[in-house]
Each structure stands twice: as structure tokens, then as C-alpha cells.
Amino acid sequence: MDVLNQLVETFAPGLKQSDRAPSPKALAVWRRVDKFDTAVSRVIDRRRTPKSDRFFSALSSAADHSLLWFTAGTVRGATSRHHPGFPWGLYASQILQSGFVNGVLKPLFNRPRPVGFEDDLQMGMHRPITSSFPSGHAASAFAAAVVLADDDPLGPFYYALAGLVAYSRVHTRMHHASDVLVGSVIGLGLGYVSRSAIHAAERIQHTSNGTASIEAATP
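Residue numbers (my numbering): 170 to 388.
The reader is advised that the hints may include incorrect statements.
Okay, the calculated beta carbon distance ranges per label pair [claimed, not checked]:
hint	residue 1	residue 2	range
1	E371	V284	23 to 29 Å
2	A227	S365	30 to 36 Å
3	P322	H368	15 to 21 Å
4	K194	A227	37 to 43 Å
5	R296	V209	19 to 25 Å
Since the hints were made in silico from the structure, they are not lab data. Since the model is a prediction, treat every value here as computed from it, not as a measurement. From the three backbone atoms N, C-alpha and C, an ideal C-beta is built for every residue, glycine too.
Between the sequences and the hints, there should be enough to build the whole structure, so can you do that?
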């Protein structure tokens, strides 16, 4: 519980787990995280242009509710000869990350959105109903990229697209940079879990098909 409390104090200092003040160690970590987030935001703001705002707002909106990744998974599943059950594996990865990030972590940490995020709602962004930490868009993007990139020459493209979606959440002020970094790591982990599950299911199916073929050929 000490580790959990320290994490909560670090990423959601306003979330009270008890009446005691945050520990000095948690406060020190929080200051470093806050300094990092502020520095990243300042760099982005200095390079912000109307065109980049429109581009990243559109990209971020396209990834709402994992629609971008569901579409990519459906297209790849329809064109893949090696992974006929591929779309279901990608859908499962998205459901898994959404349940973990939105259902467990966000309510636990309850971190406020960055200051100024309301301004970007005018660019067609929808109002988030969840808290800020970690980034669900970043988690879903990298979970999908791991699955999509499996045995596909377009693998680097999927990872690059995931990176752009993750960055878009900071650019549009929907998330702190640390939200996106942690969300990306979570997405990578859940993506590899989902990919391993897909491979296991395919091995079981191939074994079953082989057994059925042998039995059918046996007089």
C-alpha cells in the first residue's frame, strides 16, 4: 500500500488517500514530473501553428473510442491470409486496455486535465469524461500497433502512427506528457500480451485442424 499511496500522491496530489500529508519523497517525485510536463508543454506551445493544431486535433479525434484502430484491424484482417482470426485479437487488445486504463487506473489516480485543455475543445475535440492519468489514447494506440505490426511489413508505419496519436494528446492539451508516456508503456505491454494470446490461439487451431485431418484420412 505504501507504493500505491506514493504513486497516487505523485500523479494525483489532489486525491486524498488519508489525512496525512504527502511524503517528502512523493513530493520530490511530483515536482520532477510536473517540471518535465511543464517543459514539454512549453516546447510544444512555442512550435504550435494553426495547421499543426488542426492536424493533431483531427488525428486525436479519429482515434476516439479506438475507432482508428478498429478500422485498421478490420482492413488488415480482411486482407491477411496468415491470420484469419486477427481482427478479434486486436479487438480484444482494445477492450483489455480500455478496461484496465479507464476502468481501474483513471478512477484510482483521478489526475486533473492540463490547464488550457478547454481551449482545444473549440477545435472539434470532444470533452473527456475520464481523468488524465494515464492516457487511454496512447495505451490503445501502442496496444494496437504491437498487434498490427506482427508479421506485417507495414510494422514501422503502425508504430509511427501510434506515436503521432500519442503526441496529439499532449499537443491538444488533453494530457500531460507523463500521462502519455505511461499510457504508451501500458499499451505496449498489453499489446504483447494480446499478440501472444493470438499466437497461442492459432497454434491450438492448427493443432486441432491437423488432428482432424489425420482422423479423416484414417480408414
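Hints and how they fare:
no.	hint	in the structure
1	E371 - V284: 23 to 29 Å	violated, 47 Å
2	A227 - S365: 30 to 36 Å	holds, 33 Å
3	P322 - H368: 15 to 21 Å	holds, 19 Å
4	K194 - A227: 37 to 43 Å	holds, 41 Å
5	R296 - V209: 19 to 25 Å	holds, 23 Å
Checked against the numbered hints above, the structure violates only hint 1.
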